[in-house]
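**Student:** My request is simple: use the sequences and hints to build the entire structure.
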Amino acid sequence: MLQSFFYVAQGKIHLKEGDKPARLIESKFGQSLVDRASQIQKRNAWKTEGTGARFMSGRMLWAGQLDQDNGIPIVINAISRCNGQGEVLYSLSTSEIGGVFSITRNGAERRLLHTADFRVGHLSANPSDHKIACVVRTKGGSHLAVMQGDGRELTDVTQGDSMDVCPNWVPGSTNELVFQTSDIGRDAAGKPAGSSPARVEKLNLETGDIVTLLGDETHDYVDPKMDAAGNLYCIRKPYVSPRASFDPLRAALDLVLLPFRLLFALFQFVNFFTMRYTGNTLVSSGSARQRQMDLRHMMIMDNLAQAMRAPELFVGPNKDWIAPRSWSLVRKTNAGEIEVLEKGVFTFDLAVNGIVLFTDGKRVVQRNKDGAKKELLRDQFISQVLV
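Residue numbers for the sequence shown follow this note's numbering, beginning at 1370 and rising by one.
Keep in mind the hints are simulated off the structure, nothing from the lab. Treat the hints loosely; a few may be bogus.
Pair ranges (Cβ atoms, derived) [unchecked claim]:
(1) N1452 / Q1400: 37 to 47 Å
(2) D1519 / L1393: 18 to 28 Å
(3) I1466 / I1579: 23 to 33 Å
Just so it is clear, CB atoms sit at the ideal spot from N, CA and C, and this is done for glycine as well.
**Tutor:** Below you can see the structure in the form of structure tokens.
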């Protein structure tokens, strides 16, 4: 079994060491945001209590609740290996700011990047020259950038009307990245109307050359990684075209359901404003804590959907978020052969000696080179694993 690994669940970093129970790695910067927001809320409490509530305008922090678990929506977007022993990089986002930090097993933290202009997504640190590749998300889309190991000199390395995400360094190289990309289609007004199937490309930072490694018209290939032998690993899932063919039976069903959908939309609209200005919902099922956690999960899953382009993201009974069986972990060998290693995989990481660590969103499983598997732990809303 792997000696230790990190994983992100419910937007927080956890560490699993040997047979010990997984433990939470607290972000001091994230906690400082919670404390700051709590102070602001206390100063403005008169606006949300009693007669002052009717004059409340602007944004509220998640239905008036503000504590470590249910307060300001703070999400860890990504983690990456770092040059320091037992240290990881992570990117953090809130509704107001984003940044890149490093944190050790003991919670010692360093701030590398802090900005309100954009959000930083996937991270990949190169152990050879201390550079960090990342995804920069703006209102216009996403592209790749590279910064120094201390957060200086953030430089864009891709551009164009595309969605570039999930960069990872090619092992042994200081100037080559593999990444996932999709072309953005626009309508006559210039608004995004869809995107092409996601494909895997390799970028040479010195020459600017880009080579397509894997892609077709029927699948998305996402979250690519290479091993030291040059084999390419990624997640393959069915591509859903934004231009579906016309189905008369489906159109008739949509027409019958139209009044009910309008009523449901009206209910959700009223429910949103009820939560926003009173802190209560119009739905009585479940505890208040469960309803607020559902909002947190929605934010986490929305962040994942931006990276993975997956409207069906997780499905499963009892509100378990499980990757569909149609999502496969595949490996493309140097000879060009594509092998399906596992089904129902959301994301994964590569270890030494052919070991793969993967998750379906609920379980973390170790897969050895011979195909033998061992479940290491279970948690909820697992969005990344890191050996």
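**Student:** Does each hint fit the structure? Answer for all of them.
**Tutor:** Results for each hint:
1. As the Cβ distance of N1452 to Q1400 is approximately 25 Å, the hint placing it in 37 to 47 Å is violated.
2. As the Cβ distance of D1519 to L1393 is approximately 26 Å, the hint placing it in 18 to 28 Å holds.
3. Between I1466 and I1579 the CB atoms are about 32 Å apart, so this pair conforms to the stated range of 23 to 33 Å.
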